[in-house]
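Starting from the structure of chain D, add chains F, W, S, P and C where the hints point.
Protein chains: 6
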Amino acid sequence: MTRPCILFSQQWTDLPLEELAQKAGEWGYQGLELACCGHHFEVQRALNEPGYCQKKLELLARADLSVPVLSCHRVGQVVCDLVDARHEALVPDYVWGDGDPAGVRQRALEEVIATARAAQELGVTVLSGFTGSPLWSYVGGYPGPSPGVIAEGFQDFARQWNPILDICRDCGVKFAAEIHPGQIAFDLYSAEMALDALGGREELGFTFDPSHFHWQGVDPVEFVRRFPDRIYHVHVKDAALTLNGRTGLLNSYLPHGDPRRGWDFRAPGRGGIDWEALIRALNEIGYQGPLSVEWKDSGMNREHGAEEACKFVKRLDFEPAARQGGQAFRES
Amino acid sequence: MTRPCILFSQQWTDLPLEELAQKAGEWGYQGLELACCGHHFEVQRALNEPGYCQKKLELLARADLSVPVLSCHRVGQVVCDLVDARHEALVPDYVWGDGDPAGVRQRALEEVIATARAAQELGVTVLSGFTGSPLWSYVGGYPGPSPGVIAEGFQDFARQWNPILDICRDCGVKFAAEIHPGQIAFDLYSAEMALDALGGREELGFTFDPSHFHWQGVDPVEFVRRFPDRIYHVHVKDAALTLNGRTGLLNSYLPHGDPRRGWDFRAPGRGGIDWEALIRALNEIGYQGPLSVEWKDSGMNREHGAEEACKFVKRLDFEPAARQGGQAFRES
Amino acid sequence: MTRPCILFSQQWTDLPLEELAQKAGEWGYQGLELACCGHHFEVQRALNEPGYCQKKLELLARADLSVPVLSCHRVGQVVCDLVDARHEALVPDYVWGDGDPAGVRQRALEEVIATARAAQELGVTVLSGFTGSPLWSYVGGYPGPSPGVIAEGFQDFARQWNPILDICRDCGVKFAAEIHPGQIAFDLYSAEMALDALGGREELGFTFDPSHFHWQGVDPVEFVRRFPDRIYHVHVKDAALTLNGRTGLLNSYLPHGDPRRGWDFRAPGRGGIDWEALIRALNEIGYQGPLSVEWKDSGMNREHGAEEACKFVKRLDFEPAARQGGQAFRES
Amino acid sequence: MTRPCILFSQQWTDLPLEELAQKAGEWGYQGLELACCGHHFEVQRALNEPGYCQKKLELLARADLSVPVLSCHRVGQVVCDLVDARHEALVPDYVWGDGDPAGVRQRALEEVIATARAAQELGVTVLSGFTGSPLWSYVGGYPGPSPGVIAEGFQDFARQWNPILDICRDCGVKFAAEIHPGQIAFDLYSAEMALDALGGREELGFTFDPSHFHWQGVDPVEFVRRFPDRIYHVHVKDAALTLNGRTGLLNSYLPHGDPRRGWDFRAPGRGGIDWEALIRALNEIGYQGPLSVEWKDSGMNREHGAEEACKFVKRLDFEPAARQGGQAFRES
Amino acid sequence: MTRPCILFSQQWTDLPLEELAQKAGEWGYQGLELACCGHHFEVQRALNEPGYCQKKLELLARADLSVPVLSCHRVGQVVCDLVDARHEALVPDYVWGDGDPAGVRQRALEEVIATARAAQELGVTVLSGFTGSPLWSYVGGYPGPSPGVIAEGFQDFARQWNPILDICRDCGVKFAAEIHPGQIAFDLYSAEMALDALGGREELGFTFDPSHFHWQGVDPVEFVRRFPDRIYHVHVKDAALTLNGRTGLLNSYLPHGDPRRGWDFRAPGRGGIDWEALIRALNEIGYQGPLSVEWKDSGMNREHGAEEACKFVKRLDFEPAARQGGQAFRES
Amino acid sequence: MTRPCILFSQQWTDLPLEELAQKAGEWGYQGLELACCGHHFEVQRALNEPGYCQKKLELLARADLSVPVLSCHRVGQVVCDLVDARHEALVPDYVWGDGDPAGVRQRALEEVIATARAAQELGVTVLSGFTGSPLWSYVGGYPGPSPGVIAEGFQDFARQWNPILDICRDCGVKFAAEIHPGQIAFDLYSAEMALDALGGREELGFTFDPSHFHWQGVDPVEFVRRFPDRIYHVHVKDAALTLNGRTGLLNSYLPHGDPRRGWDFRAPGRGGIDWEALIRALNEIGYQGPLSVEWKDSGMNREHGAEEACKFVKRLDFEPAARQGGQAFRES
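Chains as they are written, first to last, in the working numbering: chain D, 100 to 431; chain F, 100 to 431; chain W, 100 to 431; chain S, 100 to 431; chain P, 100 to 431; chain C, 100 to 431.
One chain only, chain D, in its complex shape:
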């Protein structure tokens, strides 16, 4: 009821922000998770151009939209990935520079710091994003990594992200790292390990998107209950298993939308996520932040889908019963 339903702008950067804002408002959204990507939000202009942030806010306000969350998924990916040619498309030219991996990583780190400062400027307290991972290529494959290799990977993660989180702290911003394949944390226990690697510091929590858990066999509800204090942001996206004996969960290099895949993303409510259980779990932990629709369904017209998704979220999100004495559940 009271949680705002917002739209993640990442999948719409081909549209001018003004056009997107108007559509989003008409579809019923109450805000945007603004992507630092293309012209939707430019970090360097936000920091250097007086009034830039104010104008963005005014533009959105005309469509009755707020901005509770800023996203730096793409540049965040580069911060501790093994950089290769694919990464050039993820970052602005000034971050990519000459493409030397060490330099790219360093400039990406600085860009995330700049983004945290821009968030403060914009009045936003949650920055969501990817973290990248130096260990991803060892997940599931052969030969497996030794304990030493894993430890080193987490140290690298901590080395890169601690300076960013220091600035986040200074700016009053929390970083919501998305639990997502390809990132340092992609399931329940790797999320524990990532928190541990940073000493559990409070600036780091999670962007929780149930679709990534579903096909891995992890129950999203269990994740929410395991980290009741670390759910800093929520993406609303669904996923469907489409196993038929020949398809597989690793998907044979096939792109989204190919029916030979073993799973795919779906519009919210059209996949396998148990949203009823999920919204109750979010109520249990007292999550008060936005529910942010991330549009990814390669089988449906996106405008049709975005409108349907907003209605779905509003129908889904009911008011919890008043608790007696305000006690919250914690598993002992």
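Don't read these hints as lab results, they were simulated from the structure. Check the hints yourself; a few may be wrong.
[Unchecked claim] SDA-like, lysine to any residue: derived pairs with alpha carbons at most 20 angstroms apart:
| id | chain 1 | residue 1 | chain 2 | residue 2 |
| --- | --- | --- | --- | --- |
| 1 | S | K154 | S | R206 |
| 2 | S | K410 | C | K413 |
| 3 | F | K413 | F | H403 |
| 4 | F | K154 | F | N261 |
| 5 | W | K410 | D | R414 |
| 6 | C | K122 | C | G150 |
| 7 | P | K154 | P | Q219 |
| 8 | S | K410 | F | H403 |
| 9 | S | K413 | F | R401 |
| 10 | W | K154 | W | R206 |
| 11 | W | K410 | P | G368 |
| 12 | W | K410 | D | P419 |
| 13 | S | K410 | F | F411 |
| 14 | F | K410 | S | D416 |
| 15 | F | K410 | F | E220 |
| 16 | C | K413 | S | L221 |
| 17 | W | K410 | P | Q219 |
| 18 | W | K413 | D | P419 |
| 19 | P | K154 | P | V248 |
| 20 | F | K122 | F | R161 |
| 21 | W | K410 | W | G127 |
| 22 | C | K413 | C | N382 |
| 23 | W | K413 | P | E117 |
[Said to hold, decoys possible] Reference excerpt, derived from the structure (chain F facing chain C, CB under 10 angstroms, subset only):
| id | residue |
| --- | --- |
| 24 | R144 |
| 25 | E291 |
| 26 | M292 |
| 27 | V320 |
| 28 | E375 |
| 29 | G385 |
[To be verified] Covered stretches of chain C (in silico footprint by chain P; criterion: 3 or more residues with CB under 8 angstroms from a CB of chain P, positions within the stretch not fixed):
| id | segment |
| --- | --- |
| 30 | 275-289 |
| 31 | 338-348 |
Given the structure is predicted, the values throughout are model-derived calculations rather than measurements. Even glycine gets a Cβ: it sits at the ideal position worked out from N, Cα and C.
Leaving out everything else, chains F, W, S, P and C in the frame of chain D:
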């Protein structure tokens, strides 16, 4: 009935071959899949030392063991992987050399060629092994690979493996690439793609190990039926899903045996594989090769397990009914 | 279509009846199952105060509400329970008296008789309620009861309830005993035994609430088909299994709403009940009575929920196809 | 391999111990869990009659049987139950006395203390048994207990059992309370509560019987992992769900063996327990105690079954793999 | 979005077409699949009575209804069935004539040819219908048919239907044979055989009704993917499995609506069909034809149901995402 | 334990009876269900040739085999089928005669009567067999039969079989009609109807083969419980569902052994039958007759399989617990 039950020697290279042979014979095995690893079988000695192969065969014959298959899994891995520090442990020193990736790959390629020649020397017609993959780090992660990146990966695979397969053809040896995570082919459709990349040449077929399909959600029976002419070798190994809501299929960097994993290998018959359906599928396609026990069960004493596994395979492998007119099933 | 959708007032006795009636009317309800509890309906005043019933009916008529069923769940519980301190809260002071168990049971019996008379006064023909049970503490535990102990328990049940049912018969009222844990009848076969204990007399039928069957593993549809002539009243309430390996069906003394429970009640349509199958089963047996929403969902705001539930019931309850020749199904 | 397979004598007290011992030895058992019941083991004689224990041990030794565990299930039940007529059959006459509940409970408490002393005399370090429960009648029924009532029940439990455990500590005996319906602890969370009520004192652990968890929907493996240090004894018994839409888990007062029940006990390996997962979990926690067959299968001849069960346990119990560095898994 | 939602008139032939048209328009339908049955559409009048077709079209146009498909299910059934007394009710008197099987089949064949000509007259390009089968009595029973008997049955099928399809070709009409029990093609492989029997000629495709696949255990999605170019028409009808241990899939001679059946038809969305997966599969193959509601739900008032079904179809049928480059999926 | 394990000779009529008997004895069988087919048992010789039966019994006795059941499946099929060309192979020439359907049916009827007399001669009290069905072609297809057609079919069944059962009664033989697709009774409710059609006369009971129920979705245990007094004979045969999305339960005209089928027969214990539940159900009803292995597994060598099956049955068939007071369960 008629298919020999053999033991893969890779997991036993800490034992002298003579000792392993004696045990394997006592446990009931009829042969070994000999690993080119440690002192079990040394490729360069086999090619350069007269009588080396004959002595190995005699040693095994004393325990009534044959050698229907030779394995070069480790060095095969390096042939088209992105080489890093982990690979040093997989290959002999003379292959690793100075560790420069391009050189290591080239020497690994030559070593596999040498292994094919050694197989011929040994009288073996099937060489099983890994292929490595330049694309593995893109599977499941972010950002996904473009079609161009995938195409280039398969071209690299073809460039590296075609010369090897040419020699295989000359030596009367078939290469049985194991369908396995971390390899160019790890599920049904990636196996199709790998065959296509090589123009479907007959020297390449598959080592079929159902355990790798199970946790990916692929039905091993469907794989067998899809490639009735390409099952060149069979590994007998089981796997169990151990999902409990918190564990996941990508396994959080956890080693085998850790109960927080979402799946793990198991002794044959103690996991989730439907062996009844599988042996019938192998009967349908007329597979006549060995059934090779690969011991991987981190929860069971391996000697207890190897003996149990041999009994399991012999009980499993029944004689098919005589076919009328020899017609084979092919799905149109 | 034609079956009225009503609201059970038991969960709303903190509100004055007038206020509840107004809300219920606005939410779309067509009547109330009036609870003899608090000021919603006072049995002794109904019998002794001229015009009391008429005023209640007029009050409800102002909100376009009827009263097809009267409920005496709480006092009914005491009629053949082993009375202890918990029961004091269930009954009016004049029933509790000095709290001596035998006396309390006798006065509860008389109060249910009085309620049947009040029902007649009110023009209501179905009285729903609990029965209590002298045998509950033996269900599922240790040491189990001997056949003699069970037989004696059912005799006690008959001794207490036959006099009540005699008056029901005289008043033209049927008693709909709720099949519910803690009662003499809590599943399919115990319902058979309870009917048998009373010689199958027609004054006794059942209040059918599918939520109590769901977590016990009983299919509510099978219950309806087993007792086509004895479904005298229907409660609409859902339940969800929330088993995750650690939670259990006996619920570890945990209150409703605690996520460590293995099952819990849910708003209708948000749990595991197959309502589609259920409404068809009620159509098959020709059930014409009301569908009474009993609000119990500790995770949802009750006013939000009551309105949603009324919409759910109306959407659910479709008109059956005309039957040829009016034949009803009976399993031979 | 190394864990002894023993037989629980409780279900065989109609046979003289000598006869049972001979049969058990022939069936392959390595010991007995001796029941303090009938003439199998008489506590007062053990304490007062010199040589009594020695003679029992010698009698068993003639059949190559040891006694690793003593059982006081029946008298333990009475210690904190609400005593009624059913309990008379559970205890010796001198414990029942005049049958006044307070006195019976006190004498039962003293008898358990005497049993602990007798265990010491017998050289046994684990005493298994029931605890009884003042709260059982409130489980699952109506009206539910208030938090105060529950708290009081656990205090009663602590009051009765702490003096017993004090003596256990002095005698070097651990008490293994069976997790079982009808007892203070019957599932995972109630076991946590029971431990908490006693301040986690080490004299109290659990007799773990997976059959009681199965029908409640609790995964026995999760229980083992939750209490790795408190599994003091293991019963081997199976259970099968026999739900068909009409049967239910609370079983309608029906005795074991009646096909209208929704679950029933079964000979080990003939029900729904995942023994493969269970033995691995016991290996993980390093459980070294006996595996004690409790014969309860109302559909099979018990002598046939006891022999089959012994074979089953020996086949089930494989030797775990050697652990590197002895690290034990604990979920953080 | 763009696919018309139409109503199959077969189940409404008791209503004058004008009345049905008015209702269908009000319920939201955009067209009818017109049944050649009763007075809805009379083939001989259409061919012989000038203006007959035009008047029908005008009548429907008044309710804003089009006629994209004509149905000749009943007479089609007779074309290659073993004719018996049941068939008299399926065809007009002039087709039945003296009832001699050979003559009836011949006249039915000619009537389907006439219907194809009438379709052309009406401007309709798809003719849907049954084919009948000389082999049905051998499906599932005893003694099974020899390969020769099956081959002969398909030859009979080809002999009867090829002349019809020749005329279809001349008239620019495609015949959409319904995959349906009782027809020559009733599942995936029999559909392959039927196409093969006709040499794959393009005039023959399928009327796809997922309800017939559901209870046979065939996944309707797999059927759509197997025949991407042959789905010429789609029926929207649901089915539910109602297995409870006693009911069976062959249904014991019981009529629709009897709860002792193991499956039954249901209103769309109220059975077991995965419509989400199905509509995506139809999008994948680029199916552009109508979605035709066939009303069969013996438990629901048909007018209530027809209106609900139209809403269901419109909600179901979403606009697919734009494809890049128009490539269609084909399984290699 | 006490129930004899026998082999059905029908699948072995290519072997001389003497050879089969010797093998069956060696495999461990205790008897044969002798098929009246080929030279295994010739009815007319048995009736007309003195000493014929005695010689058969002596031949079998040399291999320690008894004959508790005689089978007339093939000729029974013809008694009330619609006779066509397929039936010629099922019966002796003197039954087929000129092949005119009415005459063939009459002579088949007389042959079954002769078989009952021969059974008496042989000292056998159970005659198992098929019944045929005039209604089979209407099961599952289109158009469905009217109630009148069904009624007429059952009258035909009664007309044909009542005279046979009269003679059975006179001979002290019971007829065990196999519940089987293609027969008048093929599932639970059609078995009820068949009994009703004969007025429930005691000469008619059932040959119960669980494999035919499995793929229809009927629980064989429920069938046993429904007809506790009518299980006159038991066939031991397994079946496996092999649904993969494309295969279906009606099997597309495909022969046994084709992997495109949706189900197939399997050797006992290698399919989907829950034998544990089944043997307990047979114990519950007190079935004392033989367990007769019917060999049908197109994927396994039949001699290997027959020996394995005998061992399976002996392991399966355990001794039930003694019942107290001999009470039998009946569902009220």
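Now for the hints, and whether the structure bears them out:
1. S:K154 x S:R206: 27 angstroms, violated
2. S:K410 x C:K413: Holds - the C-alpha atoms of C:K413 and S:K410 are around 17 angstroms apart, at most 20 angstroms.
3. F:K413 x F:H403: Roughly 16 angstroms separates the two Cα atoms, so the pair holds.
4. F:K154 x F:N261: 32 angstroms, violated
5. W:K410 x D:R414: With Cα atoms ~13 angstroms apart, W:K410 and D:R414 stay inside 20 angstroms; holds.
6. C:K122 x C:G150: Not OK: C:K122 and C:G150 at ~24 angstroms, beyond 20 angstroms, violated.
7. P:K154 x P:Q219: 15 angstroms, holds
8. S:K410 x F:H403: The given pair, whose Cα atoms are some 17 angstroms apart, holds under the 20 angstroms limit.
9. S:K413 x F:R401: The given pair, whose Cα atoms are some 18 angstroms apart, holds under the 20 angstroms limit.
10. W:K154 x W:R206: 27 angstroms, violated
11. W:K410 x P:G368: 18 angstroms, holds
12. W:K410 x D:P419: Since the Cα atoms of W:K410 and D:P419 sit roughly 19 angstroms apart, the hinted pair holds (cutoff 20 angstroms).
13. S:K410 x F:F411: Given pair S:K410, F:F411 holds - Cα atoms ~18 angstroms apart, limit 20 angstroms.
14. F:K410 x S:D416: 17 angstroms, holds
15. F:K410 x F:E220: 31 angstroms, violated
16. C:K413 x S:L221: Violated - the C-alpha atoms of S:L221 and C:K413 are around 43 angstroms apart, more than 20 angstroms.
17. W:K410 x P:Q219: 48 angstroms, violated
18. W:K413 x D:P419: Violated: W:K413 and D:P419 sit about 24 angstroms apart, past 20 angstroms.
19. P:K154 x P:V248: Answer violated: P:K154 to P:V248 is near 47 angstroms, above 20 angstroms.
20. F:K122 x F:R161: Roughly 12 angstroms separates the two Cα atoms, so the pair holds.
21. W:K410 x W:G127: 8 angstroms, holds
22. C:K413 x C:N382: At roughly 15 angstroms apart (the allowed maximum being 20 angstroms), C:N382 and C:K413 satisfy the hint.
23. W:K413 x P:E117: Given that 20 angstroms is the threshold and the Cα spacing comes to 31 angstroms, the pair is violated.
24. R144: 44 angstroms, violated
25. E291: 18 angstroms, violated
26. M292: 22 angstroms, violated
27. V320: This interface hint holds because 8 angstroms falls under the 10 angstroms limit.
28. E375: Because about 5 angstroms separates F:E375 from the closest Cβ in chain C, which is inside the 10 angstroms limit, the hint holds.
29. G385: 13 angstroms, violated
30. 275-289: holds (count 9)
31. 338-348: The restraint on the segment 338-348 of chain C holds, since 7 of its residues have a Cβ under 8 angstroms from chain P and three suffice.
Hint violations for this structure: numbers 1, 4, 6, 10, 15, 16, 17, 18, 19, 23, 24, 25, 26 and 29, all remaining hints satisfied.
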